[in-house]
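2 protein chains.
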Amino acid sequence: MVTRKLNVGLLGCGTVGRGLVELVARNHTLIRQRTGVELAITRILVRDAGKERPGVERNLLTTHPEKVIDNGCDLVVELIGGIEPARALIQRSLARSKHVVTANKALLALDGFSIMKAAEIQKVRLGFEASVCGGIPIIRALRNGLVGNQIHSLRGILNGTCNYILTRMTEDRVDFNDALAEAQAKGFAEADPTLDIDGHDAAQKLKILAELAFHAHVPAQAVLVEGIRHITADDIQAARELGYVIKHIAAAECSGDCMSLQVHPVLLPGKHQLAGIRDENNAVLVRGDAVGEMVFSGKGAGSLPSASAVLSDVVDIACHQGGFSASQGKVLDTHAPDDHGKHYLRFPVDDPSAIAAITTVLERNGIGIARAAAVWAKSASAQNQVRVLTQDCLRSTVETSLRDISASGVEKGQGIALRVMD
Amino acid sequence: MVTRKLNVGLLGCGTVGRGLVELVARNHTLIRQRTGVELAITRILVRDAGKERPGVERNLLTTHPEKVIDNGCDLVVELIGGIEPARALIQRSLARSKHVVTANKALLALDGFSIMKAAEIQKVRLGFEASVCGGIPIIRALRNGLVGNQIHSLRGILNGTCNYILTRMTEDRVDFNDALAEAQAKGFAEADPTLDIDGHDAAQKLKILAELAFHAHVPAQAVLVEGIRHITADDIQAARELGYVIKHIAAAECSGDCMSLQVHPVLLPGKHQLAGIRDENNAVLVRGDAVGEMVFSGKGAGSLPSASAVLSDVVDIACHQGGFSASQGKVLDTHAPDDHGKHYLRFPVDDPSAIAAITTVLERNGIGIARAAAVWAKSASAQNQVRVLTQDCLRSTVETSLRDISASGVEKGQGIALRVMD
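Chains as they are written, first to last, in this note's numbering: chain A, 1 to 422; chain B, 1001 to 1422.
Please keep in mind that the hints were generated in silico from the structure rather than gathered at the bench. No residue lacks a Cβ here, since even glycine has one placed at the ideal position from N, Cα and C. Check the hints yourself; a few may be wrong.
As the list claims (entries may be wrong) - These stretches of chain A come out as covered by chain B in the derived footprint (C-beta under 8 Å, 3 or more residues): (1) 188-200; (2) 270-276.
Stated by the list, open to error - Keeping only pairs whose Cα atoms sit at most 20 Å apart, straight-line, the calculated EDC-like set for lysine to aspartate or glutamate is: (3) A/LYS342 with B/GLU1226; (4) A/LYS378 with B/ASP1172; (5) B/LYS1271 with A/ASP172; (6) B/LYS1378 with A/ASP175; (7) B/LYS1378 with A/ASP422; (8) B/LYS1342 with A/ASP234; (9) B/LYS1378 with A/ASP234; (10) B/LYS1271 with A/ASP422.
Bound-form chain A, shown alone (with noise of 0.2 Å):
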């Protein structure tokens, strides 16, 4: 594969700026391998240039942004966030030809198309993977991944502190103001969480979900917004007994020239597939013409994940600079899958009181009973069962042990042995 190098100029090094640094070192060969793509991130715009940042090289970081802009690269990444100065930044790369991934969610939900609008005309790429919900790939899932179907709505999960103070109030019965208190402990939650919790950093990603989901403009004030500020733990108490979870969602629906989009708690049954999404996770449901029900989950923030984003974004651009690239593959060597582990033994025996012999066997292999059953058939057609659930042990003893079992003949048949997964 021929090897192309690209010049990454970083604007901003906080949380997901430190990541990218953090995982480009980490992992370019892994990249170089994969698509022929060899990056260096050649310089770094920052505030305060004296400040510590631990594994950044200092002779990168620059406080003149047209040293980042005009160094030679490729593709500048914006890391900064807000509206201003990054909205210039950006435009100014773009005037430039230079490609532009950003992260930058309040911007795009603000002023996403007219940036668009002049990364075309300037024929580069904008990559905004890491704008909404950090690793989980949903940017890209719209825009090409789903591009050959009508979406008829999204319902998404797009606050992790909402979720994870949601998920406290229900998992350990806290009231709202503990919780909060716990995510902000716990590094989620901003210093002031206006913004999550009460609904608005949902509204910006909603925003630009739906605008590429439904291929139109979303004025801002179309999305209804509402917090869970209200929430108390009784309510959700109250949910759960009536077969409900409360959940932060951000719903958006386009039914032909209509759209609707909202942010809200809402009651959900148990049984739906965003009840599940736990602590700061965040998921997307998308539901489309073709493809029908389609899940997303994940990780929403945090400096590697929304890190990964950014990459994705970037070597995505690089790889459809020119070249091509097909994977090669390098040789492993493989071995037998978890070796150890729990597992749930079931024997067909004539008498269910062969669970002494069966567990004789299994104790003398050394193998720990965590539950065991001698089972009467409750029909003529069905069979009487010995069921063991074993402790943590040797796939190969429970093999040799099943043999064992075998050999001693009280089994009627042939006994399975079934991995537990954590």
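With the hints as your guide, set chain B onto chain A.
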């Protein structure tokens, strides 16, 4: 946006082929608006040109492969399946510098590397999103979205028939044979279901995913395969009593220079992210060093989901042949979302016997009551409350009723109304 025409030659017109023809006919305008790509299927290879194919133009059909491959097409879609003649036709297409999109998992599992290599040498692209998990963009996620990650493991529910059978056995407590017969009656399972229920279909898919994820060659014999024929309804019930569900899981792990691959029925904890994947749905849980755990789920097979995946590859290749595309918004109306539905209402009150006054207001306004409760506070700091779960009703009527109840003076604070989403 500049419009580019892309002529597509189609090899095979079975379930997925007809789905592709239908989806292109239905959504080609939308695709052109989104991407600037104008798709046209110019020729279709079939075995019997006389057979009735509703929705397929008869004058596109031919029984001569060279008429498809050589007929001025830019890209060849292979949907014949199996090894030959699919392999020879793909090789012939690549040799003539046509891009190729295929859904052929058996061929890719057998010979994927030599086909990728041939595409690379010819500097054309090979798309195979539809080969694994139908409409779920998991190939794209591994090739692009997660390109910056070391992938540590994959765990998937990759065969819809097995998952359907296990779901029926779990939820309806039927036996394996009855569940299989139901899957066949519904068209999920083949007349000869061996490849599905013995795990070989899932093993082919796992091999394709693992080769992408670990960027390594996986020998077919490295995948240990166990099917689900030997699982009984009793096993599932016994697992449930222990807090587990039984799922047919395809698992691949990579650590250092060593990997393990296995397809087998396992016990998953009831709260596991794959435990809730029901019926014929597929899902893949990917663990990467940057993104952590991520789950993709949806319909893993079927005419339109698979056609959606084929189309995503076709459009992707077309977009990267030349120009760039930016989203251009049409103007849609917006309307207030969810104007009716069930609601959960909560009113803080001095005296819970206010339930009479509150439900009277609701009934007068035409809101049916599903459940209502007068709740006395359990502690001095808590509030007495009235809680109501309504029948389906207009949101505006709920808001009117909240105002009426507030005006009546029975409340001690502000009531809330949360929507119930089904």
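Consistency of the hints with the structure:
Only residues whose beta carbon comes within less than 8 Å of a beta carbon in chain B count, and the stretch 188-200 of chain A has 0; fewer than three means the coverage is violated. For the stretch 270-276 of chain A, the assignment as covered by chain B holds, since 4 residues bring a beta-carbon within under 8 Å of that chain's beta-carbons and 3 suffice. At most 20 Å may separate the alpha-carbon atoms for a hinted pair to count; A/LYS342 and B/GLU1226 meet this at roughly 18 Å. At most 20 Å may separate the alpha-carbon atoms for a hinted pair to count; A/LYS378 and B/ASP1172 meet this at roughly 18 Å.
The suggested pairing of B/LYS1271 with A/ASP172 holds, with an alpha-carbon distance near 16 Å, which does not exceed 20 Å. Between B/LYS1378 and A/ASP175, the direct Cα distance comes to roughly 15 Å. Compliance with the 20 Å bound is thereby established for this hinted pair. Note on B/LYS1378 and A/ASP422: the hinted pairing is violated, with a Cα-Cα distance of about 38 Å set against a maximum of 20 Å. Taken as a hint, the B/LYS1342 and A/ASP234 pair is honoured in the structure, with Cα atoms around 19 Å apart against an allowance of 20 Å.
For the hint pairing B/LYS1378 with A/ASP234, the CA-to-CA distance comes to about 11 Å; that is within 20 Å, so the pair holds. Taken as a hint, the B/LYS1271 and A/ASP422 pair is honoured in the structure, with Cα atoms around 10 Å apart against an allowance of 20 Å.
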